[in-house]
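K.L.:
Following the hints, complete the assembly by docking chain V onto the known chain D.
Note that the protein sequences, when read in sequence, are chains D and V.
So in my numbering, the last one in the first sequence is 316, and the numbering has no gaps at all.
So in my numbering, the last one in the second sequence is 313, and the numbering has no gaps at all.
Read the hints as simulated data drawn from the structure, not as lab findings.
Be aware that a few hints might be false.
Computed cross-link-like contacts, EDC-like style, restricted to lysine to aspartate or glutamate with a CA-CA straight-line distance of at most 20 Å [said to hold, decoys possible]:
1) LYS155/V with GLU173/V
2) LYS141/D with GLU173/V
3) LYS19/D with GLU63/V
The calculated label-pair distances, taken between Cβ atoms and stated as ranges, are [to be verified]:
4) SER160/V with GLY105/D: 24 to 32 Å
5) GLN237/D with LEU164/V: 18 to 26 Å
6) PHE260/D with PHE263/V: 41 to 49 Å
Heads up, the beta-carbon is just placed ideally off N, CA and C, and yes, glycines get one too.
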Amino acid sequence: MSRKTERLVNLTIALLATKRYLTKSEIFRTVDGYEGTPESKERMFERDKDDLRNLGIMIEVGTFDPLFEDESGYRIKPENYQFQLGDLDSKDIALLSLAAEAWRGAALDSSALSALIKLHAIGIETDAEALPDLAPAIISKDANLALAISAITSRTVISFTYLSETLQEENRVLEPYAVASRYGHWYLFGMDLDRKDLRSFRLDRIQGELSTKGRAGNYEIPQSFSVESHLLESRSQQSAELYLRSGRALALRTRSTEIFDKKAPLGWERVSIEYRDQERMAEEILWYAEDAVVLKPESLRTSVIESLRAGVIRYG
Amino acid sequence: MAEKQSTPLEKAARLLDLVPYISTHQGVALSELAAEFGVSESELLSDLNTLWMCGLPGYTPLELIDLEFESGFVSIRNAEILQKVRLLTKDELVILLVGLDLLIKSIDPKRVDLLHAITGLQTKIKIIIGDIATIAPIVNSSYRATILNAIASRKNLQISYHSLIRDELTKREITPIELMVDHGYEVLQAYCHHVSAYRTFRLDSIAEISISGIQTPLTTSPQDDEAFQMEINISKRIRSTLERFRIAVSSDAAARSGSFTAFSFSQDWLIRSAMSTLAATEVLSPISSRVELARKCRKTLDLYESALFADIP
Numbered sequence: 001m002s003r004k005t006e007r008l009v010n011l012t013i014a015l016l017a018t019k020r021y022l023t024k025s026e027i028f029r030t031v032d033g034y035e036g037t038p039e040s041k042e043r044m045f046e047r048d049k050d051d052l053r054n055l056g057i058m059i060e061v062g063t064f065d066p067l068f069e070d071e072s073g074y075r076i077k078p079e080n081y082q083f084q085l086g087d088l089d090s091k092d093i094a095l096l097s098l099a100a101e102a103w104r105g106a107a108l109d110s111s112a113l114s115a116l117i118k119l120h121a122i123g124i125e126t127d128a129e130a131l132p133d134l135a136p137a138i139i140s141k142d143a144n145l146a147l148a149i150s151a152i153t154s155r156t157v158i159s160f161t162y163l164s165e166t167l168q169e170e171n172r173v174l175e176p177y178a179v180a181s182r183y184g185h186w187y188l189f190g191m192d193l194d195r196k197d198l199r200s201f202r203l204d205r206i207q208g209e210l211s212t213k214g215r216a217g218n219y220e221i222p223q224s225f226s227v228e229s230h231l232l233e234s235r236s237q238q239s240a241e242l243y244l245r246s247g248r249a250l251a252l253r254t255r256s257t258e259i260f261d262k263k264a265p266l267g268w269e270r271v272s273i274e275y276r277d278q279e280r281m282a283e284e285i286l287w288y289a290e291d292a293v294v295l296k297p298e299s300l301r302t303s304v305i306e307s308l309r310a311g312v313i314r315y316g
Numbered sequence: 001m002a003e004k005q006s007t008p009l010e011k012a013a014r015l016l017d018l019v020p021y022i023s024t025h026q027g028v029a030l031s032e033l034a035a036e037f038g039v040s041e042s043e044l045l046s047d048l049n050t051l052w053m054c055g056l057p058g059y060t061p062l063e064l065i066d067l068e069f070e071s072g073f074v075s076i077r078n079a080e081i082l083q084k085v086r087l088l089t090k091d092e093l094v095i096l097l098v099g100l101d102l103l104i105k106s107i108d109p110k111r112v113d114l115l116h117a118i119t120g121l122q123t124k125i126k127i128i129i130g131d132i133a134t135i136a137p138i139v140n141s142s143y144r145a146t147i148l149n150a151i152a153s154r155k156n157l158q159i160s161y162h163s164l165i166r167d168e169l170t171k172r173e174i175t176p177i178e179l180m181v182d183h184g185y186e187v188l189q190a191y192c193h194h195v196s197a198y199r200t201f202r203l204d205s206i207a208e209i210s211i212s213g214i215q216t217p218l219t220t221s222p223q224d225d226e227a228f229q230m231e232i233n234i235s236k237r238i239r240s241t242l243e244r245f246r247i248a249v250s251s252d253a254a255a256r257s258g259s260f261t262a263f264s265f266s267q268d269w270l271i272r273s274a275m276s277t278l279a280a281t282e283v284l285s286p287i288s289s290r291v292e293l294a295r296k297c298r299k300t301l302d303l304y305e306s307a308l309f310a311d312i313p
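With the rest of the complex left out, here is chain D:
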């Protein structure tokens, strides 16, 4: 077991130390651990290269003389091997460490641990006193979050089973672009290859584990894509006006602005509130029953009234 580990470390050292490309035969001759028939050495080397790539170590392939069809060689450029966030001060390290700590015990626990080790290995003492007392935490343990992030960073197509609004299992094939958490839920964004359109999916509605299809690097995320702007554009914002009973409907109240220039019944305030999804907005208004009355838009008011009429008939 440890022979393999040793060989991987020795290969890394040899490829990092060299100033020129090393040919395969040079590697087999000088790096400790390549044994057996030429074919088995070859297989070992191919596996080792894949393994190092999985550790984020980029092996460069090149030739000695670009003018001649030479045997190709390998090396690791130091700038592709070493910590890439540039010079950091103790405040930066403290902030990044805290950011990594947020994932302890959550979906990406092992990445959090390895990131922390690297940050600590820089060897700058952090001054915890310099930061306010914060305990950031990601609580999702959803294995699909880690799988989705890996697929995004490696540009690997994924497929999964998604539960529709009518509880039908739908198979989706996606070029994943981004993950985002809003209102306590994680969403996955990407190009739906069957529907040929950008779609978003709530991660906890995916049934079972998502699986990867094909090799890494099979697509590109368009330059123009940004999660932030996609989140904002997904639905246009509308404005509703409501009467709220004084001192009630607190959650709606905190998100609204009071309108003073129009009259409201005694004991009520008139407010305006922004929303994106009419059905959700209607549900939120009905949560407060006789403490919130929607005035406009007409379509929202009508849908609330219809629900109430149906309720009176059903329960009355």
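P.N.:
Chain V only, in chain D's frame:
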């Protein structure tokens, strides 16, 4: 917990990270090193023994990494090639980017220095991996820190709590017990001195929080019972409605028939949820809930039918 055996690849990654770490922490105690890397001391010793066999081609003592660790303290020499801290993988950069999002929303806007540092780091990271992950936190990280401090130091907390169910904001003195996750939301289980009973508080509904000096020994223990239930029939928007009632969604046949049982510690919560989803849900039992819903629907509809509540410009 049983110790998990590392794969050769995990071990190799650890060796590559051990070199720069020991280089900047010469003379570090074995135990401290094991804790930092999340492995047992025996596994760490095996790592160091392997590392000792590694070096530049030639592998004479001149080329091999030189380690000393018999004394229980570790130092390293002759490891210049691996001395640089390894680059962060893309997955590691993602978690840092998201973690920084959590911090930025919880820092006092007056700490311009910190906010500036965070956006600077996020920009650096986005240049490498793109704008591919973000979180809008629903819980303030400083509130969580206050809770953890209170639990650790056995102090009470004063909170201002927004109850969605009762639709009110109340100040309460509570004795915190533990942080938990309930139906995907972070909650604090605590003894509430306001009602003299155990309660769970959603962290995202805490409006203000501070530690109070008083410590109250508890004589009872919490009871975990979702005492109330409601039989419902869902006719449309099944998935969204189930999520609202916190009923696990699945595609099995029973689920598609439309009949479900919802459970809660609060009768009010069930009624409000049913009211909220009037368009999709029919409550079958208990009868008392149907009566209450009829009353609420009638009362609310009366408002809509009154001239006072029409939008007269």
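K.L.:
Next, verify each hint and record whether it holds.
P.N.:
Each hint, compared with the structure:
no.	hint	result
1	LYS155/V with GLU173/V	holds, 11 Å
2	LYS141/D with GLU173/V	violated, 31 Å
3	LYS19/D with GLU63/V	holds, 17 Å
4	SER160/V with GLY105/D: 24 to 32 Å	holds, 28 Å
5	GLN237/D with LEU164/V: 18 to 26 Å	holds, 23 Å
6	PHE260/D with PHE263/V: 41 to 49 Å	holds, 44 Å
In this structure, the one hint that does not hold is number 2.
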